[in-house]
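2 protein chains.
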Amino acid sequence: MIRVGVVGYGTIGKRVAAAVGRQSDMVVAGVAKRSPDYAAALARETATPIYASDEDAVAAFESAGIRTEGTVADLVDRADVVVDATPAGVGAENRELYAETGTPAVLQGGEDADVADVSFNARANYEAAAGADSVRVLSCNCTGLARLLAPLDEAYGVRSARATLVRRGGDPGQTDRGPINDILPDPMGESHHAADVREVLPDVDIRTHGVKVPTTVMHLQTVRVRLDDPPANARSVRRTLAAEPRLMFVTGEFGIEGCGDLMDVGRDSERPRTDLWENCVFEESIELAGNECTLFQAIDQESDVVPENIDAIRAVTGVADAGESRHMTDRALGVGSLPTSPAHTAEVAPVDGDA
Amino acid sequence: MIRVGVVGYGTIGKRVAAAVGRQSDMVVAGVAKRSPDYAAALARETATPIYASDEDAVAAFESAGIRTEGTVADLVDRADVVVDATPAGVGAENRELYAETGTPAVLQGGEDADVADVSFNARANYEAAAGADSVRVLSCNCTGLARLLAPLDEAYGVRSARATLVRRGGDPGQTDRGPINDILPDPMGESHHAADVREVLPDVDIRTHGVKVPTTVMHLQTVRVRLDDPPANARSVRRTLAAEPRLMFVTGEFGIEGCGDLMDVGRDSERPRTDLWENCVFEESIELAGNECTLFQAIDQESDVVPENIDAIRAVTGVADAGESRHMTDRALGVGSLPTSPAHTAEVAPVDGDA
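One line per chain: the protein sequences are B and C, in this order. Numbered per the numbering used here, the first sequence spans residues 1 to 355. Numbered per the numbering used here, the second sequence spans residues 1 to 355.
With the rest of the complex left out, here is chain B:
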């Protein structure tokens, strides 16, 4: 059993800890946190060992009646692997502690690329993480792009990819982030996402723009891909994509027409925290005109990187190859299990005469 320490117990950290708990080959050594809030109180209910960020924090937890097992240094000492899900920039500071103790570390896409030996996506470059001391899981939007582009590149060759990422302003509890009534170019010009995707798919010509809007649920991406060797029709593209467990087709036939509906699907399913770990690909939006394939996909910014973090743990410890790990992760979590499209199953089956 791989003992996993989760440092940072916010949006990503608590989801990764819960996902680790559902794997048969790993166990949560503990979670480290800065403040004794409701997330800590709920973690206590599940008997998760809690560590404080430092000695001052230990005292704060104690006065809130929440027992801790020590500080983050103690947790790192007791873990085989650390997943660092602290706010952007803190991971870079923690990196030294992991290096000193020789503990392999999985960091997040909010950090700069040079925080780790290699950037990581389980579908695009799992093998590159073998034997690395540290890996950086791509951010939510970039994870969504890599999952889509890797199979398209394998099947048809991606000549170029252009995407606009319409991004939620903040997570549900991040009340003081904007915009509150605006549509913002962010940044003003090409966005960093393209460079991050190239970290895991170095040969893909990709460019991206980001836009921020006043919602708290999901990102919506428009993706436009030119293919080297396009198939005869969009149906073949759909079949290629439908074979990917982490691409979930959603359809207006089942009443799913936007991110609000997807949020409700998440709640109607029995998933932890109503998470949608898969890219939600709007089936009706998939079009092919000549060599140009276009589609919409929605990305749950809070949860899509969770399966990739689990795979990254296996990659750095060398216990499974890419296909094995993704299969174990998906089965343990239930990735690809939601009935969000009546056509999905049928589309997976080969059709005679399709290119």
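The hints are simulated quantities; they were obtained by calculation from the structure and are not laboratory data. Yeah, the Cβ is synthetic: ideal placement off N, Cα and C, and Gly gets one too. Misleading hints may appear alongside valid ones.
[Said to hold, decoys possible] Here are some, though not all, of the chain B residues that point toward chain C, as calculated from beta-carbon distances under 10 Å:
1) Ile-2
2) Ala-40
3) Arg-44
4) Thr-164
5) Asp-171
6) Glu-190
7) Gly-260
8) Asp-261
9) Thr-274
10) Leu-338
11) Pro-339
Here the structure of chain B is known, so what remains is to put chain C in place on it, guided by the hints.
Frame of chain B; chain C shown alone:
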């Protein structure tokens, strides 16, 4: 076992069906639905018997690959009690069917008060529903008010209650409802909520205003109550309210400062659909100045009426009294179980010298 038919499988209906499934003394006879959407597809996964609203709908379900057991008339025929959670106005149309077959019916607060023999709140007037052919569960906001005012009235006498209900524009999937960037008096003047609360607490002098804002999560109420016989201090009020399982204290000490945080609490808990069935009373907001007690409470518009629907089923079938039913419902669902305030437990214990 009480066989419960749920007619209307939207926001409320699907939650009531799930809650019925968790009770030891009732079972879901089936759910009736108009269209074969994702909610139907997910219901099929849990082996819930599905009925279509009419013969045309049966065909639509069939072509979507979702098996139905008949129409709503068949479901009513096979149920001991019906919970009608159809859109406002449809319950009034369905009422005749329930009366014809002599099936007791639980309707929702979106209907006019005269749709049923009696309006219902499990804390305020459970006994009034005994032997009724039909009851109407108060709407979400009114349920929240009745739960708060009933214990205050018992403990101190409510001389008058004034409330402003700041209401979300729509549920997460209701994309075409407004306002999208406005704060609307709605209605322009006193709101109907006061009259609805008087249906279950007829002696209470209450007046209400409603305001609509561009969010999809929760209502926030400011409540101002003048007491006939006020206690010595706000701490006593807190103790009185803390004894009510359906009033959940939430606090900034645990990082809960608004509805976005509450949404995240719901997700971090393991509740179905992340529902917050309780009134979420902001502990720090409870004040007492002379005989005037004030507070903020947030109401999950999608789920707070669910426990009341379960109790209403027991009330019309006469299988339990108010205290028994509320206890059974709360225990089966886990109402009152979340650690959202470090002080909650301490506050429940009597304190010497308090009035």
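Hint numbers not upheld by this structure, sorted from lowest to highest
Hints 1, 4, 6 contradicted; others consistent.
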